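Chains as they are written, first to last, in numbering that gives the first Met the number 0: chain A, 0 to 353; chain B, 0 to 559.
Derived from the structure by calculation, the hints contain no laboratory data. Treat the hints loosely; a few may be bogus.
Label pairs and their in silico Cβ distance ranges [as the list claims (entries may be wrong)]: (1) A:Pro109 with B:Lys308: 32 to 38 Å; (2) B:Leu153 with A:Lys107: 50 to 56 Å; (3) A:Asp17 with B:Asn353: 53 to 59 Å; (4) A:Lys107 with B:Phe279: 35 to 41 Å; (5) B:Val478 with A:Gly128: 24 to 30 Å; (6) B:Lys308 with A:Asn131: 34 to 40 Å; (7) B:Met545 with A:Asp17: 55 to 61 Å; (8) B:Glu154 with A:Asp17: 53 to 59 Å; (9) B:Phe279 with A:Val19: 47 to 53 Å; (10) A:Lys107 with B:Ser309: 47 to 53 Å.
Predicted model, so just to flag it, every value in this text is computed and none were measured. Cβ atoms here follow ideal geometry from the backbone N, Cα and C, with glycine treated the same way.
Given next are the chains, with one letter for each unit.
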Amino acid sequence: MSGQEQFLQLSHLYKFFDDVTAVNDISIDIEQGELISFIGPSGCGKTTLLRMIGGFHNQDKGSITLDNQSIDHLPPENRPTGMVFQNYALFPHMSVYKNVEYGLKIEKVPKQERDSRIKEALKQVQLEGYENRQPSELSGGQQQRVAIARCLVLKPKVLLLDEPLSNLDANLRMIMREEIRRLKDELNLTIIFVTHDQEEALSISDRVIVLKDGTAQQLDRPDNIYNEPSNEFVANFVGHANILEGKITIENEQSNFVTPSFQFRIAHPNNIDHDQQLKAVIRPEKIKIDPNGNFEGIVNRIIYNGNFTRYFVLINDTEIIVDDFNAHGLGEYKRNDSITISFPENPHFIHKEV
Amino acid sequence: MTTETTRTTKSKKLVSEFRQFLSEPWFAILTTILAAAILLFIVIPVFAVFFKSFGIGSGGFTFEYYKEFFARSYYLNSLLNSLGAAIISTIVVVLLSVSISLYVTRSTSFLSKFYRGAALLPLVAPPFIFSLSLIILLGRNGVVTSLLNDAFGLEFSIYGFWGVVLAQILGYFPIGYMLVESTMRNMSPSLENASRDLGANQSKTLRKITLPLSQSGITKAGLLVFVMALADFSNPLIIGGGETFIAAEAYLLVVGQQNLEQAAVLGVFLIIPSLIVFIFQTYVMKDSGLETISGESGASNAPLTKRVKSVVMTINTLFVSFIVLMFIMVVLGAFVKIIGIDNSFTLEHFQSRNGWDSLYTSIIVSFLAAILAATIGMLQGYLFARKPIPGKKALEFLTLFGLAVPGTVMGIGYVLIFNGSPFFLTGTVLLIVLNMTFRKIGVGLEASISKMHQIDSSMEEASNDLGAGPYRTFGKVVVPLLSPAFIAGFVYTFMTAMVSISSVIFLIAPGTNLAAVHILNLAEQAQIGMASAMSFVLIVIVLSCMGLLKYIEKKTGVSI
C-alpha cells in the first residue's frame, strides 16, 4: 500500500451479471508467497473473483496487476496463472504424464526438459510412478495432485484453487490441506484458495477475505477474523458466536455492558464511546462455566460433540451458547440444571449496523 | 473342477431365475407374447428376405440371383452410387454438425436458438422434402435454373447423383447434429477452461480437447447417418434422375417386375452394413464414452473467440439459411399455381380428395402405431429392467435391431411373410400399423429402460411393503413414473410414422394410401404444387403435435 507495488493487485474490481452485482468493488493486495482464502456462502462471488484472476471472466470495472504488469486484457492462455478446478478437469483421454505434459508442449519446451520437469512436478505432489495411469484409475486425492502438478509444472506466478478439497472425504481433506501448505512453503508459491469451509480457510491461510453478495466484509489474518469480526455476518459465518445487543455504561470508574436482560463487567475498552448501541461478540468457548461466576442460568439444551459439549443456557430469557471442553470425559450438567457462568472481560464490540 | 462348479452354479441360477419368472404368471405370459411378436414382426421378415435371396421358398437354393447382381453393372452401380452418396453426405453432415454444435453449446443468444431450431426443422418433414424443394429451386424448370437459363443460357438441373447427395445432407442432418450436440453439451466446461489455463488458445483447445472428447458422439453420428443415407429410398426416386440407387432399385424390382428374389439380394446388401454398424454400436462403442467427472458449480463454456467464431458462423448461417430457404420453397410451391412460371396465389393444390383421404389414413394409422409402440415399449422396459427374464439380452438386442433394419428390407420381408397364408394381411391397415409399431418400439424401450434405471427399485419395494401386489404396484407406481417414457415413445413413433415411407410403401393398397406415399407419387409425377401443398399440411400437423407436447410438458411439469 505504502507506495510499494504489491505482487498481485486487485483494484476496484466489479462484475455484473444481468442485474446482479457478482463482484462489488473488491480491492486486495497480495504478497508474493502468500496464501489467501476467499470465503463466503455460495453466490457470494468468490469463484467469480477467482475466475476473473484466471481470465475466465473479464471484469466490468477495475484492474488486475501481476508482478507489475497489467493482465487485464490477456486471455486465460496468456496469463501466468494456474488454476486447479473443483472437479480437477483432468483430460480423460490422456494419461497422467500427458496431462502434465500438455502445457509444456504448448509452450514448445524441448522433450528432454519436458521430461525432467514432469518428473519433478510429479515428485513434488508425491505421485512418482503414476505417469502411465489414466485419470479414471486414480482416487480423488490423486486426481487432485495431478491437477496441481499440471499447474506447477508451468511455474505459474499465482496458483488458483477453486474449492479444491470439496470433493474429498474428511480425512483426505486434512492431508491435502497439509500438502498444499507444504508446497507453498517449499516453492514459495502465491496461492489463492476459494472455499466455503471457514475452518479450512482459517487453518490454511495467511490471510482470509470474507465475501457476501460480492462485497468484501473483512480482509485479515485468520485469528483476527475469528476474534475481531468486523460485523455480525462475519461473526456468524466464521465459527459460532453469542451476539448481545446493548451499550457500555461507566459507573464509579467501572465499565459494564448492559443488555436488555442483564449486564456484566468489562475492562474499559479503547476507542469506543459509551452510551452507544453496540453488539458484543462473544465466542462460546470464551464463556466459562465457573462456580464463582456471577450469572446463574438454566441449561436449556445440550449438544455433545465429542471433544466439547455445547450448552444453551437461559439467562433471563436470553439464550447463551457455552462450549465446555470435555477434558475429563462427559460434561457434567443435564437439562434444566442450574449453572453459573462468567463472561470474559474484553469481548469484541461491533457497531450496530444501520 | 472349477469350470464344473461355475457351470452348476450357472444352471442353478438359471433354474431359480426361471422359477421366479413363473412366479408372476401374468408377467410371464406377457413376456412370452412380446417375445413371439418380436420374432414374428422383426426377426422373421428379415430372415425371409435373406432366404428369398437364395431362392428358398420359390424354387430351391441357388446363387443365381447373386450372380445376376454381379453380372449386371446396373445393379452394381446402384450399390456404388448408394455407397458414394452415403459417404459424402455423412462427411458433410458430421462437419456441419460439429460447426453448429460448437456455436450452440456456448451461446444462449437468439442466433444460437435460431440455429438449433432450424437445424432440427427437417425432423418434422417427410424424408424427401428436400428433393421436392431442390426441384422447385433447381429442377429443369426450377426458379433458379430458369433464371440462369434466361440470363446466361446455362442448361442445368439438379437431377442425378449430386441432387441425391444434397437432399440427403439436408434430410439426415438433424440426426447427426443431435448426437454431436449432446456429446458436446455433456462435456464438462472446465476441461476446456483447464486447457486454456494451461496455455492453449481456443482453436488449439478445440483440436486437442473438445474434438477428441466428442469423438464417440461424432462416430456414432457418422455411423447412423451413413446407414440411413445408404438405405435412402425416396430421394433417389424423386431426384435421382437416371442414376440408380440400391433401395429404390429394390422397390422398383418388387413393384415393377415382381422380382422378389432379385429385390431380396439388394435387400441383403442393404442390411449387411446396417447390421455391422448396429453390432459395432451395441458391443464396441458401448463403453467408449469417456467419462468426465462431474460436480462443479455453474461453470459454462467460454464463448468462441473471434477467429473461431467467424469461421463457424459463416458456415452455420449459410447452411441454416439454406434449410430455411428449402422450407420456404415448399410453402411457396403450395400456394402458387406453378412456381416460377405462374406465380399467382391459389388454393387449388389443397383441393385434392385423394390427398385428404391419405392424410386421414396416415393420422389414424400413426396414432394407433404410436399408442401400441409406446405401450409395448413401456411394458417391455419395465419387465426388462426389473424382472428376471430368460434370454432378455437377446430380446433387447432384437427389439433394438428393429430400429436398425432398413425400411426397404423390412417392407420386402413383410410382403414375403404376410402376403399369403396363413396371414393374408397385405393391404390391411392392421399390417401397416404393426409394421410402423415394430420398427419403432426400440425407442420406447430404450426410453423406459433408462427411466427405470433412474427410479430406485426401493420405490416398488415400498409399495410391496405397504401391501400392494406386483400388478397393483406396476399400475399404481411404475406406470405413473414411466409416463414420460411413454409420451416420448408415443411422440417419436407418431412423428416418424406420419412421414415414414420406405417400408409401408410395400404394404399399401387402394384405399389405404398414406400421405407420405401419396406425396412421393405426386412428386414422381412432377405434380410439384400438390406435393408441396400436402407436405405443407403434413408439416403443420407434425409441428402442432410437437407444440401440444411442449404445452403438456409445461402444464404438467413432466419433462419429456
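Against the structure, the hints come out as follows:
1. The given range of 32 to 38 Å is respected by A:Pro109 and B:Lys308, whose C-beta atoms sit roughly 34 Å from each other.
2. At roughly 52 Å, the beta carbons of B:Leu153 and A:Lys107 sit within the given window of 50 to 56 Å.
3. A beta carbon spacing of about 55 Å between A:Asp17 and B:Asn353 agrees with the range 53 to 59 Å that was offered as a hint.
4. For the pair A:Lys107 and B:Phe279, the supplied restraint of 35 to 41 Å holds, since their beta-carbon distance comes to about 39 Å.
5. Look at B:Val478 against A:Gly128: about 54 Å separates their beta carbons, and that is not inside 24 to 30 Å.
6. Distance hint for B:Lys308 and A:Asn131: a CB-CB separation of about 38 Å, consistent with the stated range 34 to 40 Å.
7. At about 30 Å, the beta-carbon gap between B:Met545 and A:Asp17 misses the expected band of 55 to 61 Å.
8. Checked against the hint of 53 to 59 Å, the pair B:Glu154 and A:Asp17 passes, with Cβ atoms roughly 57 Å apart.
9. At about 48 Å, the CB distance of B:Phe279 to A:Val19 agrees with the hint of 47 to 53 Å.
10. Taking 47 to 53 Å as the suggested C-beta distance range, the pair A:Lys107 and B:Ser309 does not conform, at roughly 26 Å.
In the structure shown, a violation is registered for the earlier hints numbered 5, 7, 10, in ascending order.
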